[in-house]
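Asks: If you want the building blocks of each chain, they are given just below.
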Amino acid sequence: QLQLRESGPGLVKPSETLSLTCTVSGDSISSRSYYWGWIRQPPGKGLEWIGSIYFSGSTYYNPSLNSRVTILVDTSKNQFSLRLTSVTRADTGLYYCARHGIAASGPSLNDWGQGHLVTVSS
Amino acid sequence: DIQMTQSPSSLSASVGDRVTITCRASQDISNYLNWYQQKPGKAPKLLIYAASSLQSGVPSRFSGSGSGTDFTLTISSLQPEDFATYYCQQSYSTPRLAFGGGTKVEIK
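In order, the protein sequence lines correspond to chains A and B. For our numbering, count along the first sequence from 1 and bump the result up by 850. For our numbering, count along the second sequence from 1 and bump the result up by 22.
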């Protein structure tokens with residue numbers, strides 16, 4: 851059974867870099883059928899797609915965050931990671947990692963981690 | 023970029039009510055539309071994909087319709103466990119995704 855688990859600091863200072871890792875178990879991150887993505891949710895607000903990566907390393911980012919986001923994949927560890935630079939309080943929220951299908955017509959985000967709360971505060 | 027707009031942002035309903043939530047895309051996305059349910063403190067759960075296909079294990083009281091730019095999620099008879107927030111999401115531009123703003127379904 852597929853499991854995704856986010857890990858990383860829960861507190862980040864303003865202007866610093868937020869770094870999270872998603873560890874995948876129950877499936878290979880090298881599967882050709884899926885992308886691996888990050889989604890966030892500010893407290894009391896809606897969902898925002900941050901970006902996604904394919905096992906080959908191809909990346910796709912939300913244009914609103916593009917200049918601050920880097921997503922990397924480590925196939926040897928079956929992990930992918932998120933880096934968000936120059937954070938502000940607006941970056942506070944729950945960060946989810948998720949798997950989504952490559953086919954636009956198929957089930958999209960069917961598998962999610964439990965979420966990891968990141969607070970930006972000095 | 024494709025923008026997704028949901029309405030209403032919240033609604034109050036009673037158990038047994040028929041509930042309809044709408045989602046509009048800023049451009050034609052064919053039927054590449056997904057619906058999710060999110061309960062407090064939990065990750066979203068996929069309910070419907072390809073606008074009208076029910077994900078495995080999802081009760082049949084949930085249904086989706088629409089194509090092009092206008093879509094609808096319907097709950098035919100609202101149950102106590104259905105009080106949650108619902109999101110639409112376009113997969114037309116996969117792997118670039120976008121969500122609607124959400125609709126909170128509350129108890130009347």
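Think of the hints as simulated: they come from the structure by calculation, not from any bench. As the structure is a computational prediction, the values presented were derived from the model and not from experiment. Every residue gets a Cβ at the ideal spot worked out from N, C-alpha and C, and that includes glycine. One thing to keep in mind: the hints can contain errors.
[Unchecked claim] DMTMM-like, lysine to aspartate or glutamate: derived pairs with alpha carbons at most 25 Å apart:
(1) Lys64/B - Glu898/A
(2) Lys895/A - Asp104/B
(3) Lys61/B - Glu898/A
(4) Lys895/A - Glu128/B
(5) Lys126/B - Asp877/A
(6) Lys61/B - Glu128/B
(7) Lys927/A - Asp104/B
(8) Lys64/B - Asp50/B
(9) Lys61/B - Asp924/A
(10) Lys130/B - Asp39/B
(11) Lys64/B - Asp941/A
(12) Lys126/B - Glu898/A
(13) Lys67/B - Asp941/A
(14) Lys67/B - Glu898/A
(15) Lys67/B - Glu866/A
(16) Lys895/A - Glu103/B
(17) Lys64/B - Asp877/A
(18) Lys863/A - Glu103/B
[As the list claims (entries may be wrong)] Sample of chain B residues facing chain A (criterion: CB under 10 Å; computed from the structure):
(19) Ser48
(20) Ser52
(21) Ser75
(22) Tyr114
(23) Ala120
(24) Gly124
(25) Glu128
[Said to hold, decoys possible] Which chain A residues stay away from chain B? Per the calculated CB distances, all over 12 Å, these:
(26) Lys895
(27) Gly901
(28) Ser926
(29) Lys927
(30) Ser955
Asks: Now, for every hint given, state plainly whether the structure supports it.
Replies: Going through the hints against the structure:
1. Lys64/B - Glu898/A: Distance ~15 Å between Lys64/B and Glu898/A Cα, so the pair holds.
2. Lys895/A - Asp104/B: Holds, at roughly 19 Å.
3. Lys61/B - Glu898/A: Judged against 25 Å, a Cα distance of about 16 Å means the pair holds.
4. Lys895/A - Glu128/B: Distance ~16 Å between Lys895/A and Glu128/B Cα, so the pair holds.
5. Lys126/B - Asp877/A: violated, 33 Å
6. Lys61/B - Glu128/B: holds, 11 Å
7. Lys927/A - Asp104/B: violated, 38 Å
8. Lys64/B - Asp50/B: violated, 31 Å
9. Lys61/B - Asp924/A: violated, 32 Å
10. Lys130/B - Asp39/B: holds, 10 Å
11. Lys64/B - Asp941/A: holds, 19 Å
12. Lys126/B - Glu898/A: Measuring from Cα to Cα gives roughly 16 Å; hence the hint holds.
13. Lys67/B - Asp941/A: Measuring from Cα to Cα gives roughly 23 Å; hence the hint holds.
14. Lys67/B - Glu898/A: holds, 15 Å
15. Lys67/B - Glu866/A: Roughly 32 Å between the alpha carbons, so the hint for Lys67/B and Glu866/A is violated.
16. Lys895/A - Glu103/B: holds, 21 Å
17. Lys64/B - Asp877/A: holds, 22 Å
18. Lys863/A - Glu103/B: violated, 38 Å
19. Ser48: violated, 14 Å
20. Ser52: Holds - the Cβ of Ser52/B comes within 10 Å of chain A, reaching about 8 Å at its closest.
21. Ser75: This hint holds: Ser75/B lies near chain A, its Cβ roughly 8 Å from the closest one there, short of 10 Å.
22. Tyr114: Interface hint status for Tyr114/B: holds (6 Å vs cutoff 10 Å).
23. Ala120: holds, 6 Å
24. Gly124: holds, 4 Å
25. Glu128: violated, 14 Å
26. Lys895: At roughly 8 Å from the nearest Cβ of chain B, Lys895/A sits no farther out than 12 Å, so the non-interface label is violated.
27. Gly901: Per Cβ check, Gly901/A is inside 12 Å of chain B; nearest 9 Å; violated.
28. Ser926: Label holds. Min Cβ-Cβ 22 Å, cutoff 12 Å.
29. Lys927: Consistent with the label, Lys927/A stays out of reach of chain B, its closest Cβ about 22 Å off (over 12 Å).
30. Ser955: At about 5 Å from chain B, Ser955/A fails to clear the 12 Å cut-off, so the statement is violated.
When each numbered hint is compared with the structure, violations occur for hints 5, 7, 8, 9, 15, 18, 19, 25, 26, 27 and 30.
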